[in-house]
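Student: One letter stands for each residue in the lines below.
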Amino acid sequence: MDVMTQLQRQWREHTAYLRKEGYLDDQFEQLQKLQDENSPDFVAEVVSIFFDDSEKLLNNMAGALEQKVVDFKQVDAHVHQFKGSSASIGAMRVKNLCIEFRNHCEAQSLEECVRCLRKLRYEYSLLKNQLEYLFKLEQQIRAAVV
Amino acid sequence: MLKSKTGMEDGFLSSVGAGDSTMLEPPTKITALVVDDDTINQMIHHRLLDNLGIRNQVVRNGKEAIDVHCSGKNFDLILMDMEMPVMNGIEATRQLRAMGIRSMIAGVSTNTRERENFMKAGLDDYQEKPLTTSKLVSILHKVHKDG
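Heads up: the protein sequence lines correspond to chains D and A, in order. Under full-length UniProt numbering, the residue at position 58 of the first sequence is numbered 58, and the numbers go up by one with no gaps. Under full-length UniProt numbering, the residue at position 86 of the second sequence is numbered 86, and the numbers go up by one with no gaps.
The shape of chain D in the complex, shown without the other chains (with noise of 0.2 Å):
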């Protein structure tokens, strides 16, 4: 088997594993369809602005849950936003954590919250090394065809 038709199984094989463990929705499949030649890096380029804003909304989660007083208010807005970017890429299983997390902030419990966010964090690092792992093959790809 040659290098390219490897790499081609590879990434077939890991797309259906994220697809399979619910890491990824059918939304990513729909911004993979956006991407063409004229926007080669389409998906990449919106995953790193959601990279971007998901470290942010996780600081100021954490920030917020810090608080002498917390203001769950505010601590649901940030996961709102993180709910919306993660429904929008795709991400469902970090959204549905989401999903969880507004109903500890609209409980005020401080300690789910807390709990929560751990999960959160550690759900998104796993999605993060996932997508990069597969951008990688992607560059592999592309650059096996030079």
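A portion of the hints provided could be inaccurate.
[What the hints assert, rightly or not] Anything over 12 Å on all C-beta distances counts as not near chain A; from chain D, calculated:
hint	residue
1	17
2	33
3	74
4	89
5	90
6	93
7	111
8	119
9	128
[As the list claims (entries may be wrong)] Calculated pairs, BS3-like style, for lysine-lysine (alpha carbon to alpha carbon, straight line, at most 30 Å):
hint	chain 1	residue 1	chain 2	residue 2
10	D	73	A	120
11	D	128	D	20
12	A	63	D	73
Hints in this document: simulated from the structure, not taken from any laboratory. For each residue, glycine too, the CB sits at the ideal point set by N, CA and C.
Start from chain D and add chain A according to the hints.
Tutor: For chain A alone, kept in the frame of chain D given last:
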């Protein structure tokens, strides 16, 4: 579709193929305005419209949407997010209608609680985020009809 440097199309990366954009004849004369404060949504909506051959502009909130109309511009379609800083989608829709703007305004949101108020403000259609090609095509069918 990702094109290799030799020009061959990488079939596997074109997944389900170009099916969606062939459902409707690209109405190349239609113009649209994207009103959304979120960068990711801006990029996605802009690209969705580009792909369907629709010239479009992006603004960040309701006030900018009003301003662009005051500058004399008009659009066939407005994709209006609901929750935005400075001026939200409900207020912006109300004001645009009060200004006599007859464009098709499609609300795009995740806030189901405010949906009724949003519709009452003057929407022609409402779609749940995230927007997809097929949701956009269903909105465009309406634009064409009232044409």
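Student: Enumerate the violated hints, using their earlier numbering and listing them in ascending order.
Tutor: 2, 4 and 5
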